[in-house]
Amino acid sequence: MAKASGSAARADGARTAVRASSALDRVIHERLRLGIVSALAVNDVLSFNELKQLMQATDGNLSVHARRLEAAGYVSCTKRFTGRVPHTEFRLTAAGRRALESYVAHMETLIRATRDR
Amino acid sequence: MARPEYTPSGPGGRLRVAGEIRPGRILTDAARVYVARVTSPRSARRAALQVIEGGQRGNPAAQRVRALDNLQFIRDTMERAGSFTAISGLGMVAAGVVAVIVSLVAAGRPTIAGWVAAWITGGLVSTVVLLGAMIQKAHGVGTQLLSGPGRKLALCFTPPMLVAVLLTAALYRAGLPSALPGVWLMLYGTAVIAGGTFSVPTVPVMGGCFVVLGAVALYAPAGWGNWLLALGFGGLHLAFGAAIAWRHGG
Numbered sequence: 013m014a015k016a017s018g019s020a021a022r023a024d025g026a027r028t029a030v031r032a033s034s035a036l037d038r039v040i041h042e043r044l045r046l047g048i049v050s051a052l053a054v055n056d057v058l059s060f061n062e063l064k065q066l067m068q069a070t071d072g073n074l075s076v077h078a079r080r081l082e083a084a085g086y087v088s089c090t091k092r093f094t095g096r097v098p099h100t101e102f103r104l105t106a107a108g109r110r111a112l113e114s115y116v117a118h119m120e121t122l123i124r125a126t127r128d129r
Numbered sequence: 007m008a009r010p011e012y013t014p015s016g017p018g019g020r021l022r023v024a025g026e027i028r029p030g031r032i033l034t035d036a037a038r039v040y041v042a043r044v045t046s047p048r049s050a051r052r053a054a055l056q057v058i059e060g061g062q063r064g065n066p067a068a069q070r071v072r073a074l075d076n077l078q079f080i081r082d083t084m085e086r087a088g089s090f091t092a093i094s095g096l097g098m099v100a101a102g103v104v105a106v107i108v109s110l111v112a113a114g115r116p117t118i119a120g121w122v123a124a125w126i127t128g129g130l131v132s133t134v135v136l137l138g139a140m141i142q143k144a145h146g147v148g149t150q151l152l153s154g155p156g157r158k159l160a161l162c163f164t165p166p167m168l169v170a171v172l173l174t175a176a177l178y179r180a181g182l183p184s185a186l187p188g189v190w191l192m193l194y195g196t197a198v199i200a201g202g203t204f205s206v207p208t209v210p211v212m213g214g215c216f217v218v219l220g221a222v223a224l225y226a227p228a229g230w231g232n233w234l235l236a237l238g239f240g241g242l243h244l245a246f247g248a249a250i251a252w253r254h255g256g
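Heads up: the protein sequence lines correspond to chains A and B, in order.
Residues are numbered in my numbering as their position in the first sequence, beginning at 1, plus a constant of 12.
Residues are numbered in my numbering as their position in the second sequence, beginning at 1, plus a constant of 6.
Keep in mind the hints are simulated off the structure, nothing from the lab.
Glycine included, each C-beta is placed from N, C-alpha and C at the ideal position.
A couple of the hints might just be wrong.
[Claimed, not checked] Selected chain B positions facing chain A (in silico; Cβ < 7 Å):
{"#": "1", "residue": "Arg70"}
{"#": "2", "residue": "Ala73"}
{"#": "3", "residue": "Asn76"}
{"#": "4", "residue": "Leu77"}
{"#": "5", "residue": "Gln78"}
{"#": "6", "residue": "Ile80"}
{"#": "7", "residue": "Ala87"}
{"#": "8", "residue": "Ala124"}
{"#": "9", "residue": "Gly138"}
{"#": "10", "residue": "Ile141"}
{"#": "11", "residue": "Gln142"}
Required output: the full structure, derived from the provided sequences and hints.
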């Protein structure tokens with residue numbers, strides 16, 4: 013009886029893991045985008061160059077992923093000129109912060125669901 | 007069970023499993039432990055993940071390792087991107103009060119040795135007060151004092167302070183105690199600027215003020231030394247400590 017209830021619990025855990033896995037936010041699941049959102053979560057504002065240095069990414073790569081996050085409404089981007097030099101700054105939006113919190117919660121759910129298996 | 011073998015090919019190397027792959031928790035732990043001996047913890051997690059996913063993609067063990075890896079990545083990124091905010095403004099204010107008291111005590115000392123001893127004792131007391139306040143603040147905000155930016159701050163702050171200790175002994179033995187206020191202020195300022203790179207912007211600005219004051223002390227009359235130390239270790243700590251406490255919470 014105990015064995016049966018144990019296997020039922022394991023099956024339930026696996027189902028939870030599958031559900032949590034399938035409900036993942038694909039926008040920030042990608043490594044570089046997850047890094048950008050995490051870095052902005054502990055800084056009010058980061059410039060393009062600061063993010064590039066921090067994530068060790070190329071201009072093109074960072075630009076593509078930042079645009080994807082901007083399109084999803086997770087980061088806001090401000091562009092201005094200092095003399096003739098363009099200066100791009102990124103901020104995390106409220107939606108972006110909620111998405112990160114939700115992503116961390118998903119990860120924790122996955123860990124709990126697959127513990128001791 | 008198959009024993010994973012490490013092949014250093016490419017960044018982070020790769021894991022190769024000799025024999026039949028047995029997916030699941032036992033292999034996960036074995037792979038992680040084995041790789042941890044030969045490479046960094048982060049690449050070990052990745053390599054262990056490759057082994058598991060190579061055996062059976064999407065199994066619960068793989069999902070668990072990947073989830074742990076993602077959380078660790080978020081934590082690492084936040085540590086690298088964040089600044090050290092456990093510098094205690096209130097601790098600085100307390101150190102400033104100690105310095106003002108020490109300056110009054112030191113001014114009354116009849117000998118040079120007594121004056122130096124008073125300031126060294128004051129420096130030690132201030133260090134203990136500041137460290138205690140930082141530990142308390144770090145505990146309050148749920149961070150560890152020596153993790154990420156805190157560790158970098160400590161590594162940058164310590165060398166100039168060790169140089170200050172050595173120079174204090176050398177200048178005192180050479181009969182040049184009048185140079186001590188300038189040296190102390192400038193080296194403390196250098197340490198604060200270097201360490202402050204990993205903290206809030208107010209901290210390196212304070213370091214700069216110490217260096218300027220130290221430069222003044224080097225060329226000022228010897229009689230001004232005690233009061234320039236009071237202005238630096240007392241006044242600057244009080245002013246910047248209050249600003250940090252007000253702007254960054256404690």
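The hints, checked one at a time:
At its closest, the beta carbon of Arg70 (chain B) sits 4 Å from a beta carbon of chain A; the interface hint therefore holds under the 7 Å criterion. With a cut of 7 Å, the hint placing Ala73 (chain B) at the interface with chain A holds, because the nearest CB-to-CB distance is about 4 Å. Interface restraint check: Asn76 (chain B) against chain A, minimum CB-CB distance 5 Å, threshold 7 Å, status holds. Below 7 Å, beta-carbon pairs count as interface contacts, and Leu77 (chain B) has one with chain A at about 5 Å; its hint therefore holds.
For Gln78 (chain B), the shortest C-beta to C-beta distance to chain A is roughly 10 Å, which exceeds 7 Å, and the interface hint is violated. At about 5 Å, the closest approach between the beta carbon of Ile80 (chain B) and any beta carbon in chain A falls short of 7 Å, and the interface hint on this residue holds. Evaluation of the Ala87 (chain B) hint against chain A yields a held restraint, the C-beta minimum of about 4 Å falling below 7 Å. Restraint check, Ala124 (chain B) versus chain A: the minimum CB separation of about 42 Å is more than 7 Å; hint violated.
The closest approach between the C-beta of Gly138 (chain B) and any C-beta of chain A is roughly 25 Å, which is over the 7 Å cut-off, so the hint fails. Proximity of Ile141 (chain B) to chain A is violated relative to the hint, the smallest CB-CB distance being about 21 Å (cut-off 7 Å). A least Cβ separation of about 21 Å between Gln142 (chain B) and chain A goes past the 7 Å threshold, and the interface hint is therefore violated.
Against the hints set out earlier in the document, violations occur for numbers 5, 8, 9, 10 and 11.
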